[in-house]
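Novice: Here is how the chains run, residue by residue.
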Amino acid sequence: DGGITQSPKYLFRKEGQNVTLSCEQNLNHDAMYWYRQDPGQGLRLIYYSQIVNDFQKGDIAEGYSVSREKKESFPLTVTSAQKNPTAFYLCASSALNQPQHFGDGTRLSIL
Amino acid sequence: RKEVEQDPGPFNVPEGATVAFNCTYSNSASQSFFWYRQDCRKEPKLLMSVYSSGNEDGRFTAQLNRASQYISLLIRDSKLSDSATYLCVVRVNSGYSTLTFGKGTMLLVSP
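Quick note, the sequences are listed as chains A and B, same order. Counting in this note's numbering, the first sequence runs from 1 upward without gaps. Counting in this note's numbering, the second sequence runs from 1 upward without gaps.
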């Protein structure tokens, strides 16, 4: 089945630890996006990539890093510099001029 | 002024009722408009795109008023399964440009 796969579904981070969230898509979409959603809040854009080996900061990139070495994959690293990482993280992808479609998300919590 | 504004609700309606949500956007250059549905603790899913002439998909009708910069969603004959948060989403440019999400309007349909 075509789709966007995020893993893990739940993730716990210790103080000072970097963690990486996986996002893979087999839809052949050029663009991929990472969002963060806090309770009662709208989605906020962290990073996005329109082409392999290129990515741009979104509205809240501080404390996060990404890579786009393959078209299918856009992993997000939550670094120790992100002081409030507890949130629901959503990955999305899209084709040109088309709506974005989302993976089922990763819930990150602090231990 | 927030970029995309929605009444957070909740809208409580009985089964079979008709309910309408509005959304306003601040950027007059916005080009594409969407309604997404998000169930509790799940990812957003595309409900429908919104076209200038208005469009309908079964029980759902979307309208766009560019002059007043608002978008509406009408749900007829509400079902229990329609209970969710409805996100108004705007894209300023074409191509792979990023989306701006409203915080959502919660709908609760009761028996």
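Keep in mind that the hints were calculated from the coordinates and are not lab data. Check each hint, because a few of them may be wrong.
In silico negatives: residues of chain A with every beta carbon more than 12 Å from chain B [what the hints assert, rightly or not]:
no.: 1; residue: Ile4
no.: 2; residue: Gly16
no.: 3; residue: His29
no.: 4; residue: Gln37
no.: 5; residue: Ser73
no.: 6; residue: Arg107
Covered by chain B, according to a simulated footprint, are these stretches of chain A (three or more residues, beta-carbon under 8 Å) [unchecked claim]:
no.: 7; stretch: 60-69
no.: 8; stretch: 95-103
Short derived list, chain B residues pointing at chain A, Cβ under 8 Å [said to hold, decoys possible]:
no.: 9; residue: Cys40
no.: 10; residue: Lys42
no.: 11; residue: Asn55
no.: 12; residue: Gly58
no.: 13; residue: Phe60
no.: 14; residue: Ala62
no.: 15; residue: Asn65
no.: 16; residue: Arg66
no.: 17; residue: Val92
no.: 18; residue: Leu99
no.: 19; residue: Phe101
no.: 20; residue: Gly102
The structure presented is a predicted model; accordingly, all values stated were derived computationally and were not measured. Just so you know, even glycine gets a beta-carbon here, dropped at the ideal spot from N, CA and C.
Novice: Now tell me, hint by hint, if it's right for this structure.
Specialist: For each hint, the structure was consulted:
1. Ile4: violated (9 Å)
2. Gly16: Correct as stated: the minimum Cβ-Cβ distance to chain B is 28 Å, above 12 Å.
3. His29: violated (9 Å)
4. Gln37: violated (9 Å)
5. Ser73: holds (17 Å)
6. Arg107: Its Cβ does come within 12 Å of chain B, the nearest being 8 Å, so this is violated.
7. 60-69: violated (count 0)
8. 95-103: holds (count 7)
9. Cys40: At about 11 Å, which exceeds the 8 Å cut-off, the nearest Cβ of chain A leaves the hint on Cys40(B) violated.
10. Lys42: holds (7 Å)
11. Asn55: violated (14 Å)
12. Gly58: violated (18 Å)
13. Phe60: Interface hint status for Phe60(B): violated (15 Å vs cutoff 8 Å).
14. Ala62: violated (13 Å)
15. Asn65: violated (20 Å)
16. Arg66: violated (19 Å)
17. Val92: Violated. Min distance 13 Å.
18. Leu99: At 6 Å from the nearest chain A Cβ, Leu99(B) passes the 8 Å test, so the hint holds.
19. Phe101: holds (4 Å)
20. Gly102: holds (6 Å)
Taken one by one, the earlier hints fail for this structure at numbers 1, 3, 4, 6, 7, 9, 11, 12, 13, 14, 15, 16 and 17, listed in ascending order.
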